[in-house]
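Number of protein chains: 2
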Amino acid sequence: MNEHTVKVFDDELGQLRGLIAQMGGLAEQAITGAIEALVRHDLDAAAKVIEGDKKIDVLEHEVERLAVQLIALRAPMADDLREVVAAMKISNTLERVGDHAKNIAKRVADIEGHRHIEPLSVLPAMAGVASEMLHDVLDAFAARDIEKAMSIGERDRAVDDFYNSIFRALVTFMMENPASISQAAHLLFVAKNLERIGDQATNLAEMVYYAATGEQMGERERIPSTAAN
Amino acid sequence: MNEHTVKVFDDELGQLRGLIAQMGGLAEQAITGAIEALVRHDLDAAAKVIEGDKKIDVLEHEVERLAVQLIALRAPMADDLREVVAAMKISNTLERVGDHAKNIAKRVADIEGHRHIEPLSVLPAMAGVASEMLHDVLDAFAARDIEKAMSIGERDRAVDDFYNSIFRALVTFMMENPASISQAAHLLFVAKNLERIGDQATNLAEMVYYAATGEQMGERERIPSTAAN
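Taken in sequence, the protein lines are chains A and B.
In this text, residue positions in the first sequence follow the UniProt record's numbering: the first is 1, and each later residue adds one.
In this text, residue positions in the second sequence follow the UniProt record's numbering: the first is 1, and each later residue adds one.
Since the hints were made in silico from the structure, they are not lab data.
Computed from a predicted structure; not experimentally measured.
Check each hint, because a few of them may be wrong.
In silico BS3-like links for lysine-lysine, alpha-carbon gap of 30 Å or less [stated by the list, open to error]:
hint, chain 1, residue 1, chain 2, residue 2
1, A, 106, A, 55
2, B, 7, B, 148
3, B, 106, A, 89
4, B, 55, B, 106
5, A, 89, B, 54
6, B, 55, B, 148
7, B, 55, B, 89
8, A, 54, A, 89
9, B, 106, A, 106
10, B, 89, B, 7
11, A, 55, B, 89
12, A, 89, A, 55
13, A, 148, B, 148
14, B, 89, A, 54
15, A, 89, A, 148
16, A, 106, B, 89
17, B, 106, B, 89
18, B, 89, B, 48
19, B, 7, A, 54
20, B, 54, B, 106
21, A, 89, B, 89
22, A, 106, A, 54
23, A, 89, B, 55
24, A, 89, B, 48
25, A, 89, A, 48
26, A, 148, A, 55
27, A, 48, B, 89
Here are the in silico distance ranges between beta carbons for each label pair [as the list claims (entries may be wrong)]:
hint, chain 1, residue 1, chain 2, residue 2, range
28, B, 110, A, 47, 33 to 43 Å
29, A, 61, B, 144, 17 to 27 Å
30, A, 110, B, 77, 40 to 50 Å
31, A, 213, B, 62, 14 to 24 Å
32, A, 116, B, 176, 18 to 28 Å
For glycine and all other residues, C-beta sits at the position ideal for the given N, C-alpha and C.
Excised from the complex, chain A in its bound form (with noise of 0.2 Å):
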């Protein structure tokens, strides 16, 4: 490449950081706004992080067709696609994780007698972590920090301990009040959803790790899901 388009290519490399910087700025808000329409039963506030969605996958398409175009035309090579690439999958990995706040805000009209239902003050804290998780890798893929990146995959296996800790209660909470068993199955959806943002954020970690070092992430670097399914 000469001079010139290595300026574009930077600019535009630039962009697709941008508009993955902003994918994941909605998706942590997402993440934050659905568990407190939750726990609030606040439908408005749940239609609003469905409607939200739609945000993140325009900027998702918009992440693709950018990175296509920069491929096709500038046909970059070794760090630089790796990079092109990495973009590519974490905006589609970002997109499920909007999915997965949006299933949870989707579940709020389905949770009335939430406040009766105990393991239901767990969730804020597991989201509390899930996003932050989410918040880090997106500031490690932004800083190019490898350490950074290393360190999110042991913050799941917190989260893997909320899930379990939060399955067991609520089969627990569902013997004890066979009438809310309905809501309650819909709490471990939603618990679930929250257990799979942080499998996304670790895998987020290994993608930014690649993206920075042309390395998979190493087995001893790698910390295995410990969530009981």
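Based on these hints, arrange chain B on the given structure of chain A.
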């Protein structure tokens, strides 16, 4: 492109399509295998499905590598570029279908008293519709058959109906069998995995339509999801 380049490109595109057909076949097998393992409570069969998912993941990486190489080296235009990008997205979705089948297989160990859980008997029929949708959408991709792709979405309604009825049946079962609530909860997730596979087959149909026509499937052809969360 000159004649030679066109020939090489077509060969590589054929390779890409071959890999996708292979992934699709493995994903179909995984769905059937997981549900059979569940119904027969066969832990060995479940372990095979879990192990087999790695092969699908490897193929996805292979599709991605080949597609990126194709875009970077051949700089395909319009129709060709669209097909390569579609191949990447299709393989990504097939990888997710494989994950759903793997998740079902992972729960086989948690569902021991399966013979007594009545709603379990409906799962094979539900899995049958979902894997048939997957089979047909891959046929539609191989044959560039737009009509066939457009017919897939209609069947997603049947999968959603299965899901809604299994959800209700499991809630009723839990009320009547508090001691089996934990196992029934695992079955809720199995039904959810199958419901998601139906959604993904529908998404695949939209990708096949787009790859073949260059247009998004119209609202008229698209069937919205009717699963109640």
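Structure-based check of all given hints:
1. A:106 to A:55: Holds - the C-alpha atoms of residue 55 of chain A and residue 106 of chain A are around 17 Å apart, at most 30 Å.
2. B:7 to B:148: Status holds; Cα separation ~28 Å.
3. B:106 to A:89: With Cα atoms ~26 Å apart, residue 106 of chain B and residue 89 of chain A stay inside 30 Å; holds.
4. B:55 to B:106: 17 Å, holds
5. A:89 to B:54: Distance of about 19 Å is within 30 Å: holds.
6. B:55 to B:148: Holds, at roughly 28 Å.
7. B:55 to B:89: 18 Å, holds
8. A:54 to A:89: Between residue 54 of chain A and residue 89 of chain A the Cα gap is close to 18 Å, so the pair holds against 30 Å.
9. B:106 to A:106: This hinted pair holds, its Cα atoms lying about 27 Å apart.
10. B:89 to B:7: Roughly 24 Å separates the two Cα atoms, so the pair holds.
11. A:55 to B:89: 20 Å, holds
12. A:89 to A:55: 18 Å, holds
13. A:148 to B:148: Judged against 30 Å, a Cα distance of about 48 Å means the pair is violated.
14. B:89 to A:54: Status holds; Cα separation ~19 Å.
15. A:89 to A:148: Status holds; Cα separation ~19 Å.
16. A:106 to B:89: Holds. Residue 106 of chain A to residue 89 of chain B sits at ~26 Å (cutoff 30 Å).
17. B:106 to B:89: 26 Å, holds
18. B:89 to B:48: OK: residue 89 of chain B and residue 48 of chain B at ~26 Å, within 30 Å.
19. B:7 to A:54: 40 Å, violated
20. B:54 to B:106: 14 Å, holds
21. A:89 to B:89: 10 Å, holds
22. A:106 to A:54: Judged against 30 Å, a Cα distance of about 14 Å means the pair holds.
23. A:89 to B:55: 20 Å, holds
24. A:89 to B:48: 28 Å, holds
25. A:89 to A:48: 26 Å, holds
26. A:148 to A:55: Distance of about 28 Å is within 30 Å: holds.
27. A:48 to B:89: 28 Å, holds
28. B:110 to A:47: 33 to 43 Å: 35 Å, holds
29. A:61 to B:144: 17 to 27 Å: Check passed, 23 Å falls within 17 to 27 Å.
30. A:110 to B:77: 40 to 50 Å: 48 Å, holds
31. A:213 to B:62: 14 to 24 Å: 22 Å, holds
32. A:116 to B:176: 18 to 28 Å: About 22 Å separates the Cβ atoms of residue 116 of chain A and residue 176 of chain B, which means 18 to 28 Å holds.
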